[in-house]
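Engineer: Protein chains in written order, with my numbering: chain A, 2 to 268; chain B, 91 to 221.
Be aware that one or more of the hints could be misleading.
[Claimed, not checked] Just the calculated beta-carbon pair ranges, DEER-fashion:
1) B:N173 <-> A:L212: 29 to 35 angstroms
2) B:T179 <-> A:R180: 23 to 29 angstroms
3) A:R241 <-> B:M152: 34 to 40 angstroms
4) B:D165 <-> A:K238: 43 to 49 angstroms
5) A:Q177 <-> B:P111: 34 to 40 angstroms
6) A:I19 <-> B:P111: 33 to 39 angstroms
7) B:K177 <-> A:K238: 53 to 59 angstroms
8) B:L114 <-> A:K139: 43 to 49 angstroms
9) A:L183 <-> B:H201: 53 to 59 angstroms
Keep in mind that the hints were calculated from the coordinates and are not lab data.
Glycine is no exception: its CB is placed at the ideal position from the N, C-alpha and C atoms.
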Amino acid sequence: MGINRRQFLKIAGFSSLIGLGGTSASLLRKSILEASQEEQDPRALLGKRWALVIDMSKFKTEDDYRRVIDVCHRIHNVPDIGNPKSEVKWIWKEEYENVFPSQDFDNQYVEESLKNKPFLVLCNHCDNPPCVRVCPTKATFKRKSDGIVMMDMHRCIGCRFCMAACPFGARSFNFQDPRPFLKEMNPEFPTRTKGVVEKCTLCYERLAIGLIPACVEASNGAMAFGDLKDPNSEVRKLLRDNYTIRRKPELGTLPSVFYIIGGKNNA
Amino acid sequence: MYNGGKIIAGLVIFVGLVFLPFFLSMGKAVAKPDPKIDTPYIQHLAEKKCVESKQTMKTIHMQMLYDWRDAVVRDGDRIYVANDGKKYTMSLQNTCMKCHSNKKQFCDQCHNYLSVKPYCWDCHIAPKEGV
């Protein structure tokens, strides 16, 4: 005993009606959230292309570096693991020959003191970031509003493509739970978990409430922060008045961290 | 049926094992989740009200947290305008947990009861509790 055409159409019609009703009911429920909205903090610093200018001549003592590195790592809950194979770092010291490997071809007669000087390095927040191109989950992305190369830890699956792609070694992988390696935790900022990649985020959480990046604040004027697209910004003034270099320009990633390397006639 | 006795005996044992947890907990009442909102911070509030109404928070706090997460991390928007017009900073650690500083007595109550294991606390720092 089968059903005839009329009965079949009736059943099909009613079941699609029920289906549609259920969908619209769930849509209605969601609208509670959509009725309200999110907005920016009025204190937020707004720029089109944030950049840092680091004046290396102002980094004289070990303490000058330490102060800057420590404040960043402390407020962002960056663990001190100690083992270089699994270390996590956002901003750190690096030898000249590793920071500017191609400079030897450009100017092999560069001042000897510069060659022996440790440089302060961090994520370059490139205009054309290779890490963003390779990320399969868009966990790392370039903010359209101000060009910060951001990390969304919620999406990171720990594939480490970005670490392979980054020509500056700016990214660290959490091979283990970082919490046991934190001496003290900043309760206002999250830690990371095992299996995600992390790096400097240009203090996006501070910019959002109107503060400049912590490293710049702690550097006593050795670092400057500002908007590259604003011709009157502090960084543009420094770039006008000084000779600056960027890391690995031949790769075309267009870093937005600039180094003033001094020299007697440039000072 | 070949080896019928063994098969049936095996089936009986299998079914017995499957239903063992049900038999063991039959008649026993499992404590109902009892989330507490009596933290010192909440007690000092003039108006004891969450970001949205109690019912809304009960049903959609998880969607709301996802919404907040995307707004803060991906769009850089940090202020939430509630349905009553009040503004809040969207932050699990600094807004939600400032009032609900009793994660064990609040979040975990229902989550454990329903065996939901949100991974928020892998990274986000839960407030220190006395216990």
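Engineer: With reference to the structure, classify each hint as holding or not holding.
Structural biologist: Results for each hint:
About 30 angstroms separates the C-beta atoms of N173 of chain B and L212 of chain A, a value consistent with the hinted range of 29 to 35 angstroms. The given range of 23 to 29 angstroms is respected by T179 of chain B and R180 of chain A, whose C-beta atoms sit roughly 24 angstroms from each other. Restraint check, R241 of chain A to M152 of chain B: a C-beta distance of roughly 51 angstroms breaks the suggested window 34 to 40 angstroms. The beta-carbon spacing between D165 of chain B and K238 of chain A, approximately 31 angstroms, falls outside the hinted interval of 43 to 49 angstroms.
The hint said 34 to 40 angstroms for the Cβ distance between Q177 of chain A and P111 of chain B, and at roughly 35 angstroms that hint holds. A hinted range of 33 to 39 angstroms for the beta carbons of I19 of chain A and P111 of chain B is consistent with their spacing of about 35 angstroms. Separation of K177 of chain B from K238 of chain A is about 36 angstroms and departs from the stated range, judged on CB atoms against 53 to 59 angstroms. The hinted window of 43 to 49 angstroms between L114 of chain B and K139 of chain A holds, with their beta carbons roughly 47 angstroms apart.
At about 25 angstroms, the beta-carbon gap between L183 of chain A and H201 of chain B misses the expected band of 53 to 59 angstroms.
Hint compliance for this structure: hints 3, 4, 7 and 9 are not met, and every other hint is.
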